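*Asks:* Chain residues, written in single-letter form:
Protein chains: 2
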Amino acid sequence: MNVPIRFNAQHTLKSAVGDHGLDPSDFDAQVGLDAVVGFRKRVDSGEVGFPNLPMDQNTAKSVEKFASRLRSEVDAVLVLGIGGSALGPYALDTAIRGPHPVQVDKKKCPKLYVMDNVDPGFVSAFLENLNPKKTAVCVIAKSGGTAETLSTFLIVHEWIVKAIGAKKAVGRFVAVTDEHKGDLLAIAKAEKYQTFYVPADVGGRFSVLTPVGLLPAALIGLDIKKLLHGAHDANQASWSRKLETNPALQSALVHHALDTKRGKKIEIVFAYSAYLWGSAFWYRQLWAESLGKRVNRQGEVVHTGQTPVAALGVTDQHSQVQLYAEGPNDKMITFWAVDKYRTEIKIPETKNFLQYDAVAYLAGKKLSTLFHAERTATEAALTEAGRPNCRWVLPRVDEYYIGAFFQLLEFQTAFCGELYGINAFDQPGVELAKKITNGLMGRKGFEDYAEKFGSKKA
Amino acid sequence: MNVPIRFNAQHTLKSAVGDHGLDPSDFDAQVGLDAVVGFRKRVDSGEVGFPNLPMDQNTAKSVEKFASRLRSEVDAVLVLGIGGSALGPYALDTAIRGPHPVQVDKKKCPKLYVMDNVDPGFVSAFLENLNPKKTAVCVIAKSGGTAETLSTFLIVHEWIVKAIGAKKAVGRFVAVTDEHKGDLLAIAKAEKYQTFYVPADVGGRFSVLTPVGLLPAALIGLDIKKLLHGAHDANQASWSRKLETNPALQSALVHHALDTKRGKKIEIVFAYSAYLWGSAFWYRQLWAESLGKRVNRQGEVVHTGQTPVAALGVTDQHSQVQLYAEGPNDKMITFWAVDKYRTEIKIPETKNFLQYDAVAYLAGKKLSTLFHAERTATEAALTEAGRPNCRWVLPRVDEYYIGAFFQLLEFQTAFCGELYGINAFDQPGVELAKKITNGLMGRKGFEDYAEKFGSKKA
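Protein chains in written order, with our numbering: chain A, 35 to 492; chain E, 35 to 492.
Hints were generated in silico from the structure; no laboratory data involved. There could be a bad hint or two in this list.
Claimed, not checked - The calculated DSSO-like cross-link candidates involving lysine-lysine, where the alpha carbons are at most 27 Å apart (straight line), are:
| id | chain 1 | residue 1 | chain 2 | residue 2 |
| --- | --- | --- | --- | --- |
| 1 | E | 196 | E | 95 |
| 2 | A | 260 | A | 295 |
| 3 | A | 140 | E | 196 |
| 4 | A | 202 | E | 380 |
| 5 | A | 478 | E | 95 |
| 6 | A | 385 | E | 276 |
| 7 | E | 95 | A | 215 |
| 8 | A | 399 | E | 486 |
| 9 | A | 486 | E | 400 |
| 10 | A | 223 | A | 168 |
| 11 | A | 380 | A | 399 |
| 12 | A | 380 | E | 226 |
| 13 | A | 48 | A | 142 |
| 14 | A | 48 | E | 469 |
| 15 | E | 95 | E | 140 |
| 16 | A | 168 | E | 95 |
| 17 | A | 142 | A | 167 |
| 18 | A | 486 | E | 276 |
| 19 | A | 202 | E | 374 |
| 20 | A | 141 | A | 167 |
| 21 | E | 196 | A | 380 |
| 22 | E | 374 | A | 469 |
| 23 | E | 75 | A | 167 |
| 24 | E | 141 | E | 168 |
| 25 | E | 201 | E | 142 |
| 26 | E | 226 | A | 168 |
| 27 | E | 202 | A | 167 |
| 28 | A | 196 | E | 399 |
| 29 | A | 141 | E | 168 |
| 30 | E | 276 | A | 141 |
| 31 | A | 215 | A | 201 |
| 32 | A | 260 | A | 223 |
Unchecked claim - Not everything, but these chain A residues come out facing chain E in the computed CB check (under 10 Å):
| id | residue |
| --- | --- |
| 33 | 145 |
| 34 | 162 |
| 35 | 166 |
| 36 | 168 |
| 37 | 471 |
Stated by the list, open to error - Listed next, the stretches of chain E that the computed footprint assigns to chain A, with coverage defined by at least 3 CB atoms under 8 Å from CB atoms of chain A:
| id | segment |
| --- | --- |
| 38 | 55-67 |
| 39 | 98-110 |
| 40 | 227-233 |
A quick note: this is a predicted structure, and the numbers were derived from the prediction, not measured. We put the CB at the ideal spot given by N, CA and C, even for glycine.
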């Protein structure tokens, strides 16, 4: 394996957790290989493009070139986007600079703000807090027609033009969208905005290594070449035909078997790193939207898909672990662990406090020792309670490993799509709500939806 | 009903969602009444205390008096706590002042920061960003012995003492803990910290209206009397013996029936307000830790408890709704809706953009119209897909309604505990992990746990 991110499924086995665990007989190596081969065909045929992204150095270069100029002009980068157009940038930001509100300082780099909602109070809070004279705006929508993103674009556009004038505003907007179609593309062309493109064969939830994620990342000072380098190494491992050197495939097989053979309809992603908490929400979309499907590729009704739940260690030990340990055994837990943290802190041996029993054993220890001990203890306790759990381990949270980890998780998802026999790359289940919204908003051609669904009062 | 927060379960019925919905025969009014009567006995006997909190005006007065003095000295309030000691303050902060990082300004009031983890990189980011000369610290731990809270206390104590000296530091620390026991109480007494108490009959996840929540709320300028007023009105409704005027009981019956009679093992809390997103995490603890139990009150193994999932509208329409609409029909969705938002924004009718089809129907509309339409559309689409869903509606998100809503949800949880026949007020499932952690950290008396569980390497 080229990418030193480890996957450990020991606690998913019967030998660890009893009847709720997996047997060797639950795995079929040939089925796993078929998934790799099947998915490879989709990539080679041009149906699915995310595995090609790490090789595209040119896009990264032009993004970095553009960003290095704009970066120094602003102190805020405002992303207007939703779903994959927001979760990717947010995950990268919080992985490297830390969770808001107290982020790691990157000298002279602006901070990232993601406006991924249309709650009026939420939108106005951005306008009240940010400086329109010092804000760069990334408008991100693959389709180019997303209602939420175009609405916030109109609002933010007016706000910036008022502050700095229409001419100067042009230089503060960047569009990321499809290369050939959509109203955002047309607007960007007409307004002469810098524009970057999302390849047609890369869906929103797989787009973090396109300019969707790379542009905001570069603007806030992240090393996007390292992101791609990590993803490149993850590619190498993920195309391996040997199960033992292909962690994405191992993970796909374990997830699929625990769902379909042991009824684990819920996956808890238990991130033992505050820096991976945003990434858990990125993963939540990847997993839910890719695998939550009504029909398989043969058109049979199957209703697949685990429900992903984001949990944060150690925090959620004091909120969710009671349920995980004692509630229904209908879940698997996937720990995301980290070997080495951004910093180390020693718990001080403050003289006044050493006399207290609840303090004495902590004083003088490293905080990372406590953090590790809590994860180990939680894994052990859940295993003892018969709850299957597995673990990804990242040596560190930096651009290289994040690029690699995200790519591994995308491969895991794609392989799982093959195992379920469903299309992991569409999202037909969201169309009806979009049409009803259009109808309720008075868009032409959608009058029937307004009439049929809109009358019921809240 | 005294409290004008509405509960609507129309879309949980067979008439709306078909076979996955509930029948009138799934409800037994007497069972509901028995739950009220049964829970009332626990309150009257002193076993459970949260319903008494709204009547305690004296605590609120002394908290407000103390806070009004300290508030002007600092620009940051740092909460050291975890679980209920963090989620309550965080939920109140984000409900009223908005989600971080761009919060609503409250003139001259400090901002809230919650350090509810021991990730070393996370803890150090606070110390790098906050000013130790202008930070007040609330150390919150009911038991007084929580390892995470005591560890961060030692670290933050050293940091503040270094900056302003030991003598002045005394005035910057406040402890919230049990009145009669625990090392935090002993430390606070020895150091002469201002101290507030958590009643012995109020557990962490039910403690938001004790000083656990009231003190941080008062320090950042929230109106805590209004919180209690709302909760008081929620009490009135929740003790009603008439189902039609008791929304907490209605909700409890619907949740319990959907879980036990229709297999909805997952509850999606779909908050259609960015201001309620923090509250969804508070609720997640309340629901998971209270109802996730191995045994019932008779000691029979039952493994109860829905898995709560926090979702944010409209954001998660672009991340999770595909799964909710098409995946396994194993979930119920509870919408949290709001009638009126903090602000209103009009989507501008910018001349240049009106020619575009994807923009024209949005321009000139209120943003709240879009936000409402999207919720209505999502509810309708999920109903059409046969997914049972219900709805809480708050007229506004302010202190009064938040106080009322949280109290309603606590009553709902308590009633559900009666319906399942389990103890909703303990958390035996987290003890083993705590003991193993103690063992791994070298605490005396826990050597056996380290030996049995600690040897496995990550």
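*Asks:* Against each hint, give a clear statement of whether it holds in the structure.
*Replies:* Consistency of the hints with the structure:
The suggested pairing of residue 196/E with residue 95/E is violated, with an alpha-carbon distance near 33 Å, which exceeds 27 Å. Using a Cα cut-off of 27 Å, the hinted pair residue 260/A and residue 295/A is violated, with the two alpha carbons roughly 39 Å apart. Taken as a hint, the residue 140/A and residue 196/E pair is honoured in the structure, with Cα atoms around 26 Å apart against an allowance of 27 Å. Proposed proximity of residue 202/A and residue 380/E is supported: the alpha carbons are some 24 Å apart, at most 27 Å.
Restraint check for residue 478/A and residue 95/E: the C-alpha separation of about 57 Å exceeds 27 Å, so the hint is violated. Of the supplied pair hints, the one linking residue 385/A and residue 276/E is violated, its CA atoms being roughly 59 Å apart against a limit of 27 Å. Proposed proximity of residue 95/E and residue 215/A is contradicted: the alpha carbons are some 61 Å apart, above 27 Å. Taken as a hint, the residue 399/A and residue 486/E pair is honoured in the structure, with Cα atoms around 22 Å apart against an allowance of 27 Å.
For the suggested pair residue 486/A and residue 400/E, the alpha carbons sit about 23 Å apart, so the restraint of at most 27 Å is met. As the CA atoms of residue 223/A and residue 168/A are separated by approximately 23 Å, the hinted pair is consistent with the 27 Å bound. Annotation: proposed proximity of residue 380/A to residue 399/A holds, straight-line Cα distance about 6 Å (limit 27 Å). Between the alpha carbons of residue 380/A and residue 226/E the distance comes to roughly 25 Å, so the proposed pair stays at or under 27 Å and holds.
The suggested pairing of residue 48/A with residue 142/A is violated, with an alpha-carbon distance near 53 Å, which exceeds 27 Å. With a CA separation close to 25 Å, the supplied pair residue 48/A and residue 469/E stays within the 27 Å bound. This hinted pair checks out: residue 95/E and residue 140/E have alpha carbons roughly 21 Å apart, not beyond 27 Å. Taking the CA atoms of residue 168/A and residue 95/E, the gap is about 43 Å. The hint is violated against a cut of 27 Å.
Note on residue 142/A and residue 167/A: the hinted pairing holds, with a Cα-Cα distance of about 16 Å set against a maximum of 27 Å. Among the hinted pairs, residue 486/A with residue 276/E is inconsistent with the structure: their alpha-carbon atoms are about 34 Å apart, more than 27 Å. Among the hinted pairs, residue 202/A with residue 374/E is inconsistent with the structure: their alpha-carbon atoms are about 36 Å apart, more than 27 Å. The straight-line distance between the Cα atoms of residue 141/A and residue 167/A is roughly 20 Å, inside the 27 Å bound, and the hint therefore holds.
A threshold of 27 Å between alpha carbons decides the hint, and for residue 196/E with residue 380/A the separation of about 15 Å falls inside it, so the pair holds. Proximity of residue 374/E to residue 469/A is assessed by CA-CA distance (about 24 Å); at most 27 Å being required, the pair is judged to hold. This hinted pair does not check out: residue 75/E and residue 167/A have alpha carbons roughly 61 Å apart, beyond 27 Å. Using a Cα cut-off of 27 Å, the hinted pair residue 141/E and residue 168/E holds, with the two alpha carbons roughly 16 Å apart.
Between residue 201/E and residue 142/E the alpha-carbon distance is near 25 Å, which keeps this suggested pair within the 27 Å criterion. The suggested pairing of residue 226/E with residue 168/A is violated, with an alpha-carbon distance near 46 Å, which exceeds 27 Å. Taken as a hint, the residue 202/E and residue 167/A pair is broken in the structure, with Cα atoms around 41 Å apart against an allowance of 27 Å. For a cut-off of 27 Å, the pair hint linking residue 196/A to residue 399/E stands: about 20 Å separates their Cα positions.
Proposed proximity of residue 141/A and residue 168/E is supported: the alpha carbons are some 24 Å apart, at most 27 Å. Pair hint residue 276/E plus residue 141/A does not hold up; C-alpha atoms about 62 Å apart against a cutoff of 27 Å. For the given pair, residue 215/A sits about 25 Å from residue 201/A by alpha-carbon distance, which is consistent with the 27 Å threshold. For the hint pairing residue 260/A with residue 223/A, the CA-to-CA distance comes to about 31 Å; that exceeds 27 Å, so the pair is violated.
Interface hint at residue 145/A: satisfied, since its Cβ lies 8 Å from the closest Cβ of chain E, which is below the 10 Å cut-off. The restraint placing residue 162/A at the interface with chain E holds, with a minimum CB-CB distance near 7 Å, inside the 10 Å limit. Contact between residue 166/A and chain E, as hinted, is not supported at the beta carbon level, the nearest pair being about 13 Å apart and thus beyond 10 Å. The interface hint given for residue 168/A is violated, since its Cβ lies 14 Å from the closest Cβ of chain E, which is over the 10 Å cut-off.
At its closest, the beta carbon of residue 471/A sits 4 Å from a beta carbon of chain E; the interface hint therefore holds under the 10 Å criterion. A count of 0 residues in the segment 55-67 of chain E with a Cβ less than 8 Å from any Cβ of chain A is obtained; the coverage claim is therefore unmet, three being the minimum. Counting residues of the segment 98-110 of chain E whose beta carbon lies closer than 8 Å to any beta carbon of chain A gives 0, which falls below the threshold of three, so the coverage claim is violated. Beta-carbon proximity to chain A at under 8 Å applies to 0 residues in the segment 227-233 of chain E; the threshold of 3 is not reached and the given coverage is violated.
When held up to the earlier numbered hints, the structure conflicts with 1, 2, 5, 6, 7, 13, 16, 18, 19, 23, 26, 27, 30, 32, 35, 36, 38, 39, 40 and fits the remainder.
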